[in-house]
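The whole structure should be built from the sequences, with the hints applied where relevant.
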Amino acid sequence: MGYLKKGLPFSYKGTIDVSDCVTSEDVIKKAKLDWEVAKCEIVAKMPMNLNPDSNRDGFNYGGMQYTPVESMYATYRTDLNFPLGVVKEKYTPVQNIDAFKFFDDAIGKNKAIWQTAGFFGNGEKIFVTAKLPQNIFVNDDIIDNYLVFATSHDGTMGVKILLTPIRVVCENTLNAALQNNDAYISFRHTESVHGRIDAAKEILGICDVKIKALNELYQGFNKIKLTDTQAAEYFAKLILSKSEYDNLYLTGHNAMQLVLRSSSAMSDAEISTRKCNVIAELYYYYLNGIGQEQFRGTGWGVYNAVNGYYSNVDNIDGVKRMDSLLFGDKANKIKQSGALLLQLAS
Numbered sequence: 045m046g047y048l049k050k051g052l053p054f055s056y057k058g059t060i061d062v063s064d065c066v067t068s069e070d071v072i073k074k075a076k077l078d079w080e081v082a083k084c085e086i087v088a089k090m091p092m093n094l095n096p097d098s099n100r101d102g103f104n105y106g107g108m109q110y111t112p113v114e115s116m117y118a119t120y121r122t123d124l125n126f127p128l129g130v131v132k133e134k135y136t137p138v139q140n141i142d143a144f145k146f147f148d149d150a151i152g153k154n155k156a157i158w159q160t161a162g163f164f165g166n167g168e169k170i171f172v173t174a175k176l177p178q179n180i181f182v183n184d185d186i187i188d189n190y191l192v193f194a195t196s197h198d199g200t201m202g203v204k205i206l207l208t209p210i211r212v213v214c215e216n217t218l219n220a221a222l223q224n225n226d227a228y229i230s231f232r233h234t235e236s237v238h239g240r241i242d243a244a245k246e247i248l249g250i251c252d253v254k255i256k257a258l259n260e261l262y263q264g265f266n267k268i269k270l271t272d273t274q275a276a277e278y279f280a281k282l283i284l285s286k287s288e289y290d291n292l293y294l295t296g297h298n299a300m301q302l303v304l305r306s307s308s309a310m311s312d313a314e315i316s317t318r319k320c321n322v323i324a325e326l327y328y329y330y331l332n333g334i335g336q337e338q339f340r341g342t343g344w345g346v347y348n349a350v351n352g353y354y355s356n357v358d359n360i361d362g363v364k365r366m367d368s369l370l371f372g373d374k375a376n377k378i379k380q381s382g383a384l385l386l387q388l389a390s
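In the working numbering, the protein residues as written are 45 to 390.
Each hint should be verified, as a subset may be incorrect.
Claimed, not checked - Restraint ranges, calculated between C-beta atoms of paired labels, are given here:
| hint | residue 1 | residue 2 | range |
| --- | --- | --- | --- |
| 1 | N183 | T317 | 33 to 39 Å |
| 2 | S307 | L386 | 19 to 25 Å |
| 3 | E337 | I86 | 31 to 37 Å |
| 4 | T317 | K76 | 41 to 47 Å |
| 5 | R232 | P127 | 19 to 25 Å |
| 6 | N93 | A324 | 19 to 25 Å |
These are calculated hints, taken from the structure and not from any lab test. As the structure is a prediction and not an experimental result, all values here were calculated from the model. Even for Gly, the Cβ is constructed at its ideal location relative to N, Cα and C.
Structure follows, in structure tokens:
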């Protein structure tokens with residue numbers, strides 16, 4: 045089994061390369077995000093009820109009853125009249141052009157450069173990324189740093205602006221928020237959201253400090269020494285619950301048996317085949333993934349195995365993968381892997 049290098053970071057079918065753009069308006073047009081979002085009332089469509097007291101505030105049509113839903117609204121694209129989601133009364137849409145203007149001051153010579161932009165589904169979520177000029181170096185391993193701006197138009201997510209490092213050799217999405225959450229800012233869609241987007245420019249200064257801290261942290265990971273057995277235990281601790289991990293050893297088995305997909309170890313410790321397969325895949329990536337050879341036997345090696353697996357191997361594709369890597373289950377798992385290494389180093 046081989047692991048191939050992927051294409052442009054944060055890319056999937058439909059993502060647009062906007063690295064040749066100069067302004068946020070250029071990005072909006074090239075990425076086909078030059079549309080607006082509005083709110084409208086929601087009307088419930090229900091079967092006809094002949095009770096004379098029913099549907100006093102609505103109307104009947106075609107054998108159905110239609111009644112407004114109080115305090116709830118739908119968001120929709122005004123160019124297509126296409127509904128995107130259901131939101132509450134205080135929800136304030138953030139227009140794409142207003143959102144992306146945040147980056148304008150950061151773009152330029154010796155500054156950040158536009159990278160990719162796009163939307164998920166029909167426009168329920170949008171994002172834009174910019175590559176920062178600062179790099180992190182762990183020996184000969186180069187890590188690029190990106191700012192990612194994302195927001196939703198369906199009410200499922202507020203505005204998020206985050207720092208996300210990418211390992212160049214295999215484009216692993218690293219997690220910058222290992223010890224705390226100051227790698228990103230997040231706020232909800234309310235009346236104050238536009239002012240807060242403008243204030244979010246402060247994150248550019250935060251990024252400089254954070255990148256320096258990450259450089260020291262990753263260097264520290266590289267100094268942690270691990271045997272192959274300890275690497276297997278690291279992956280098992282990451283994937284298994286504490287009770288599952290404890291039960292593995294109480295039943296006379298060990299993590300390396302899970303790497304080898306031992307049926308008796310799985311059965312006796314009551315560990316699912318799915319979890320066992322993930323542990324085995326993580327260990328395989330640790331040994332054979334791109335750029336892994338020189339870091340085998342180190343904390344940096346196991347940390348990158350986790351990032352590499354979820355970035356390049358795990359079978360969730362496209363939008364779901366990117367969404368999960370930045371905001372969801374995979375981001376949390378990558379964060380846990382860093383926290384686990386910090387425990388080993390302490």
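Violations among the numbered hints, reported as their numbers in ascending order: Numbers 2, 3, 6, in rising order.
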